[in-house]
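Spelled out, the chains give:
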Amino acid sequence: DGGITQSPKYLFRKEGQNVTLSCEQNLNHDAMYWYRQDPGQGLRLIYYSQIVNDFQKGDIAEGYSVSREKKESFPLTVTSAQKNPTAFYLCASSTGQVNTEAFFGQGTRLTVV
Amino acid sequence: LAKTTQPISMDSYEGQEVNITCSHNNIATNDYITWYQQFPSQGPRFIIQGYKTKVTNEVASLFIPADRKSSTLSLPRVSLSDTAVYYCLVGPGYNFNKFYFGSGTKLNVKP
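Order-wise, the sequence lines are chains A and B.
Counted the way this note's numbering counts, the first sequence spans residues 31 to 143.
Counted the way this note's numbering counts, the second sequence spans residues 6 to 116.
Just so you know, these hints were derived from the structure itself, not from any lab.
Fair warning: this is a prediction, and the values are worked out from it, not measured in the lab.
There's no promise every hint is true.
[To be verified] Straight-line alpha carbon distances no greater than 20 Å define the calculated SDA-like cross-link-like pairs of lysine to any residue that follow:
1) B:LYS111 to A:GLN67
2) A:LYS87 to B:ASN100
3) A:LYS39 to B:ARG50
4) B:LYS103 to A:LYS39
5) B:LYS103 to A:VAL128
6) B:LYS103 to A:VAL82
7) B:LYS111 to B:GLU19
Make a model of the complete structure from these sequences and hints.
Structural data, given as structure tokens:
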């Protein structure tokens, strides 16, 4: 079945370590996105990519990095520079055309101790 | 970018119709209105989208008045499984969509 796969579902890391969250889609979508969600809050855009080999900062990009070397993959690295990395991270994709819907993965819950 | 305002939370009972209203006073001419549903520890999923008047699908209806400054998501005969957060998104009708999510409305359906 087509969809977006995020892995792992739960991730624990020690403070000061970089960690990479995986996001893979087989929907043949050009656009991909990373969001962060804190308890009881909405989604905040970290990075987005309109097309392979290109990506742009969202509203809260500090302390994060991404790559888009393949159309299907958009990994997110949470670096040690991120002050409060513990959160629920969501990856999404879309065709990139206007008025189309975003398809989301199941999320990765990152806990930094 | 059109700002949206929704109630923080709503309570309902099983079998009732629920209407969630979203205000978007500065909606642009080309903007569409889209609603998403999110269950705990899951990603949001698309419910319905519209531009004007009324749109209906198998799970919901979307009512948009002529001035388009607000919209109402209507869920018929809700069940406990409809307990979720509902987000109203506006735009863009042109250029690239970054899908900005606000805080949403937490709907709590009681037995």
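Structure-based check of each hint:
At roughly 15 Å between alpha-carbon atoms, LYS111 of chain B and GLN67 of chain A fall within 20 Å of each other, so this suggested pair holds. A threshold of 20 Å between alpha carbons decides the hint, and for LYS87 of chain A with ASN100 of chain B the separation of about 17 Å falls inside it, so the pair holds. Of the pairs offered as hints, the one joining LYS39 of chain A and ARG50 of chain B holds, with about 18 Å between alpha carbons and a cut-off of 20 Å not exceeded. Proximity of LYS103 of chain B to LYS39 of chain A is assessed by CA-CA distance (about 24 Å); at most 20 Å being required, the pair is judged violated.
Straight-line distance between C-alpha atoms of LYS103 of chain B and VAL128 of chain A comes to about 10 Å, which keeps the hinted pair within the 20 Å bound. At roughly 16 Å between alpha-carbon atoms, LYS103 of chain B and VAL82 of chain A fall within 20 Å of each other, so this suggested pair holds. For the suggested pair LYS111 of chain B and GLU19 of chain B, the alpha carbons sit about 15 Å apart, so the restraint of at most 20 Å is met.
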